[in-house]
Amino acid sequence: MHRVTVLVTAVSLALGAAAPAHAEDEALRKELEALRQQVAALQAEVNEMRTAKATPVVTAQPAVAPVIAPASAATPAPQPATTVAQTPPQRGIGSDSTRLWGYGELNYNHPTGDAGKSQADLRRAVLGFSHAFDEDTHVYGELEWEHAVTSADDQGESEVEQLYVEHRLNPELAFRAGLTLIPLGFLNERHEPTNYYGVERNFVESAIIPSTWREGGLSLLGSTESGFSWNVGLTTSQNLRNWDPSDPEGRISPLGAIHQELQLASARDVAIYGAANWQGVPGLTLGGGVFSGNIGQGDDGGFLAADSRATLGEVHVRWQPGPFDLSALYARGTISDTEQLNLTFVGNPYPVPKSFWGSYVQGAWRVWDNGRSSLAPFVRYEAFNTAASFESVPLGLGVPDADTERVWTVGVNYYLTPEVVFKADYQHFNITDELLGYGTRFDLGVGYQF
Amino acid sequence: MARPRALWLLPGALAALPAYHAAYAVQYMSVAEAQKAAFADASTFAPVAVDRAALDAALAAVPDSALGTGWAPQVFAAKKDGATEGWLIVDQVIGKAEAITYALALDAQGAVTRLEVLEYRETHGGEIRLPAWRRQFVGKTAGDPVRLDADIHNISGATLSCRHVTDGVRRLLSLHAHALKTA
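First to last, the sequence lines map onto chains G and A.
Residues 61 to 510 (the numbering used here) make up the first sequence, in order.
Residues 1413 to 1595 (the numbering used here) make up the second sequence, in order.
FYI, nobody ran anything at the bench for these hints, they're computed from the structure.
Bear in mind the structure is a predicted one, so any value in this text is a computation, not a measurement.
Please note: incorrect hints may appear among the correct ones.
Stated by the list, open to error - Covered stretches of chain A (chain G as the covering partner; in silico rule of three or more C-beta atoms under 8 Å from a C-beta of chain G):
(1) 1503-1510
(2) 1515-1526
Claimed, not checked - Distance ranges between label pairs, derived from CB positions:
(3) A/1562 with G/294: 39 to 45 Å
(4) A/1449 with G/308: 38 to 44 Å
(5) G/384 with A/1551: 19 to 25 Å
(6) G/306 with A/1475: 58 to 64 Å
(7) G/282 with A/1520: 54 to 60 Å
(8) G/384 with A/1494: 26 to 32 Å
Even for Gly, the Cβ is constructed at its ideal location relative to N, Cα and C.
Start from the sequences, fold in the hints, and give me the full structure.
Structure, rendered in structure tokens:
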């Protein structure tokens, strides 16, 4: 509509400017008024047609609509601006087929026991885009930079975090093809810093569910009017051949250590997943999901865990009554057929675990909210174990099961606007392990999304 | 002379209209369907033009809605036998990146009777279409807070859409109070 508006304004201005106090002035004004009304009527009709598409609208003629103005706007002098406002109109937003969005976060960690290890990091900067090819077909992508600088000499990463084509089959059903996020837990799909409490993502949804976890493949997703939504898919899986038993990464996050992220991914073995949520009562979310796939990746007999399978399941609940936000999540994973492989890892500190699990409960309270800014203190208790058990190995050759780590996090999210958040928290770890990044600390962060 | 030039511009303006047809959306309901659903026995839906001053006054009353500029709701008076039964207002807010088109039905006293999502354009946040969520607005008037996490429950995973539609409803209730309410 904007273009029309501008042109209508131009017409009005051109007419108005070139109409000095001549005799024909009055006639001209009248004609201008008639034109104005005609354009307004046409504009209204086009809007009608556009909004209602093919369906005929059950209305009277939109031509001459009564203008309602508050008492303060009493002067009836017809200005071009009034003409514009008289049309019942569309803003024009949503009419562009290409969109851009983004989010980012900058964090500061201060270990209380070892202040010398304090670190500040531009954790991530993400640019997302979408393009609509037609009403039902879109492409979505997210491009991410982590740790500010990426080069041969730096530790930063640049990555394509999501890239998929989505086609809607009907209003309740769509499919996606490409690199998509696995829909397990709360964070993996919605990992923007404004969406979670605390400077760092919780441990259960980074160590057990390896957020941001994505795989390449096909998915089908749908929803019903009763509040049930589901998402199933056939995707790439992890590659156990990449397990490094000397690297603590496998202990930090077993599935994260062997992710492929669609980077020349071995795709002999694939995985399936299914997830569902029920949100039929406003404020309540109940959900869960399972991912399972072979991760041996190859037919050659040389690899000793060719039939290995990784499976991860989780259940979650969130209840948001008024200013309160309560959630809980439990996740458990297994990696099968690792006995032979682990024998070759004897002597190394981090063989492949057979099982791993994690769970947390979290409560937040929006104590202050002025409609724009708000303050939400929170507390979270997590318990997790990334190597809860191993396949049996001959006595004396194995490593002991890991101890369960327990973390208390207390902190506050201050939303300057709903899309800009400042965070501060204190995290107490039951077990300190510098290699795994466990140690009581104080964190500060700022994040945004648009 | 300005007059011939202006007349020449007019067809140009009309020719530009189809360029605005490129809205990509899933349309769940048309305006006509929303009108019928909200006011089954109304005989006409008369468009009501609301001028900029009225819109500004309504917005000024809900300063923290922060939904941006360019507000241009489409107002219809539902009439039966000449009497106004209520109002149907079609409006847009941004969800995360794209616009959500929705229709709010008010009774003659200005209380919400229905909220319908007409068009939704994003893959995430579509949960706002859930009937149970929309029903929370029924009965709300300009005197109610109409705020997310206060008298309107959030849907986890669709926070931005929920917040923006809630703010959008609040400003439409303000619009009724400022411009539509019959004394």
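How the hints compare with the structure:
| no. | hint | in the structure |
| --- | --- | --- |
| 1 | 1503-1510 | holds (count 5) |
| 2 | 1515-1526 | violated (count 0) |
| 3 | A/1562 with G/294: 39 to 45 Å | holds (43 Å) |
| 4 | A/1449 with G/308: 38 to 44 Å | violated (59 Å) |
| 5 | G/384 with A/1551: 19 to 25 Å | holds (23 Å) |
| 6 | G/306 with A/1475: 58 to 64 Å | holds (60 Å) |
| 7 | G/282 with A/1520: 54 to 60 Å | violated (39 Å) |
| 8 | G/384 with A/1494: 26 to 32 Å | violated (49 Å) |
Comparing the model with each earlier hint shows violations of hints 2, 4, 7, 8; every other hint is respected.
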